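Protein chains: 2
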Amino acid sequence: MQSPARKQPRVIIVGAGFGGLEAAKKLACEDVSLTVIDRTNYHLFQPLLYQVATAALSPADIAAPVRAILSKCKNVEVILAEVQSVDVEGKKVRTQDQIFEYDYLILATGARHSYFAHNEWEKLAPGLKSLEDAVELRRRILLAFEFAEKTTDEAARKAAMNFVIIGGGPTGVEMAGAIAEISRYTLAKDFRHIDPSQAKVILIEGALRLLAAYPEDLSESARKQLTELGVQVRTNARVTDISEAGVQADGEFIPCRVKIWAAGNNASFVGTTLDAPADRVGRVIVNDDLTIPGHPEVQVIGDLANFSHQTGEPLPGVSPVAMQQGRHAARNILRMIRGDKPRPFHYFDKGSMATIGRNKAVADLKFFHLSGFPAWLAWLFVHIIFLVGFRNRLLVLIQWAWAYLTFDKGARLITRNFQSEHRPPA
Amino acid sequence: MQSPARKQPRVIIVGAGFGGLEAAKKLACEDVSLTVIDRTNYHLFQPLLYQVATAALSPADIAAPVRAILSKCKNVEVILAEVQSVDVEGKKVRTQDQIFEYDYLILATGARHSYFAHNEWEKLAPGLKSLEDAVELRRRILLAFEFAEKTTDEAARKAAMNFVIIGGGPTGVEMAGAIAEISRYTLAKDFRHIDPSQAKVILIEGALRLLAAYPEDLSESARKQLTELGVQVRTNARVTDISEAGVQADGEFIPCRVKIWAAGNNASFVGTTLDAPADRVGRVIVNDDLTIPGHPEVQVIGDLANFSHQTGEPLPGVSPVAMQQGRHAARNILRMIRGDKPRPFHYFDKGSMATIGRNKAVADLKFFHLSGFPAWLAWLFVHIIFLVGFRNRLLVLIQWAWAYLTFDKGARLITRNFQSEHRPPA
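Line by line, the protein sequences are chains A and B.
Position in the first sequence counted from 1, then plus 39, gives you this note's numbering.
Position in the second sequence counted from 1, then plus 39, gives you this note's numbering.
The shape of chain A in the complex, shown without the other chains:
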């Protein structure tokens, strides 16, 4: 299954997220035999996943086929498979049914939600990492309103109109804002027995403030903007139990049908097969050149890596870190092939931003902080620019413009699984 190689060094990249894809683009058309392995056939623009979950965009708007992105260069092979383990001594990567040998490896398998010691919460409160997650959350959110419209049980109706989001990082803030918006604007006139604008969106954060990675003034601004939208923000609150019926937070039980998990991440399990030191959430602790101890041919990047050489703290799990690391890892491989030494990685932090709703956002641009409308404009601009593919940009732009002008969100579909479709009950 190896590419036809005239002794080209074999490079494998596992994961076609922001880090893996950037590395692949840098190595495509270079004099290497490149294999990109991902368990999906698309690159996902994760920062907009919450817009799929809240019916503003379609899955295909924020996903682009990896094959198509990399098809121009004949030295690239794309494999749809899930990597099970890496054999660093034997320089092999193992999938369910195949083994691939490498000379250089870039591991970029990212992270998944962590429910701490409560994996049973996963089905009750899905997180938001994949397109499947997003479509499932969209289904649950829209179904809650449908249920509230139909039921005659007052308590059940109230619970259906409560939306609890656990975790006040960017994903939690964005989901809370987006749900508040569709209930207040998009769905406002669609029902007869309920008033969707009475929906209660409750955002629970364990720390003392939202957006803990942002400067304090922006955390405060985010809280204010969310409150304006009608979101109840509860900081310094700990979730102790989740059940079908609701969420227990500190002393209080909040009855709710829809619970959304945005609280914690665990690094992908593939990292554990490297036999390299890892931190408490499973991230691989990398050297300053992104390699792992004793294996200069293995680099780990993105959400899977714990890189603490710059500030003493691990770099955050955001796309700019992953992209810069991806490009750096690719360059280091080209250096090593030429016989040069790999260079240490340096993250250039251009800031970060989170959107809260229409005309509402926060942006930490390092030299200055933005809130409200200017932050929201900056957010729009950056997210359109970085979307992969002209077609996707155009489609997303049109749907945003449409939603902005009409308060309408177009992707309000409640879809089921293929298996659960089929024949009606006899």
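Rather than coming from a laboratory, the hints here were simulated on the basis of the structure.
If you're wondering where the values come from, they're calculated on a predicted model, not measured in any experiment.
In this list, chains with the same sequence are indistinguishable; a pair is considered to hold if it fits within one copy or across any two.
In the BS3-like style, the derived pairs of lysine-lysine whose C-alpha atoms are separated by at most 30 Å in a straight line are:
#, residue 1, residue 2
1, Lys-65, Lys-168
2, Lys-189, Lys-64
3, Lys-239, Lys-111
4, Lys-189, Lys-113
5, Lys-405, Lys-168
6, Lys-162, Lys-197
7, Lys-131, Lys-228
With the hints as your guide, set chain B onto chain A.
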């Protein structure tokens, strides 16, 4: 659960397809209390479903939320539920958990695939009626190419590159053309170990010609245009068995991974609960005013109805029939409320068209027949015009224009069910 009625006549419409939705639009804002019940929350533009199955469009592009379409008129209530049965004597409609009373009923629950006596074929060869079907078929088609790229088993690779479509009506013809096109154009450069343009698309039809409902010259033209695209057309061929491994057609076994069912329809089971005469595929045999014998307050329309008063033959199961019947049924209800007699239905046949691929189509416009590019233009025009919602029209138009200019199809996502996502194998 009744709407607040000041003795307004209660009208129930079951099904928000082409027929039900047209009826609902006519009755919305009239002096009736209208309840629309559908088991999905969207109206689906079924004629473009094959474009979702072949990765040209996203589900949300061809679906519009029923609530939003009907939200302007306060006399309309929309219920997301699956109707189990109708009690024509008691004038009641029963869903899983509720009972609704009516004064007038329009039943428009449509049809589903029929596998004749072979329900076990359904999982092996899915049909194309719902968004779930379309996403599942897209998954299977794209996965077949991925599998062919990876496997080292020559026979398995060959089977993965064979696509068998059973049934040469419009859906079968459109699917065959679309799969041939993506393999020859869209995917052509994306793989390293296979040549997607070598994919074999085989269209099997039991009758002597394709598109049996069309004039003979157009059937012949469709066959020619499909053959130009590389599709193998086999007419007068009967499928006798379907298994994981392939399809048995007459004497020959065709090994294939992907099988698609486009052969037969059965009317929705709800019709059987009416206690009215039905034909052999379960369609309710209606009077010339669309009512059922003995119940002038019950009208049956669209794919669920067998209306044979015009030509002696049942009208075909196409959207113009359903839409005209929907409007007629609504008008008849308003007539009856005024104390007038319902009028007989007359179908005004403007013709029909099927697309085969880029610049390829057939159109039977009654006074003249079109083939190739002019037919294809006519098809584009009509399908854009009839799409519900300006937003959908714009998005579909842009994606078609993009696909036409670049040969690219944007929605090439292999998605899984939420349940099968989750944790990787330990």
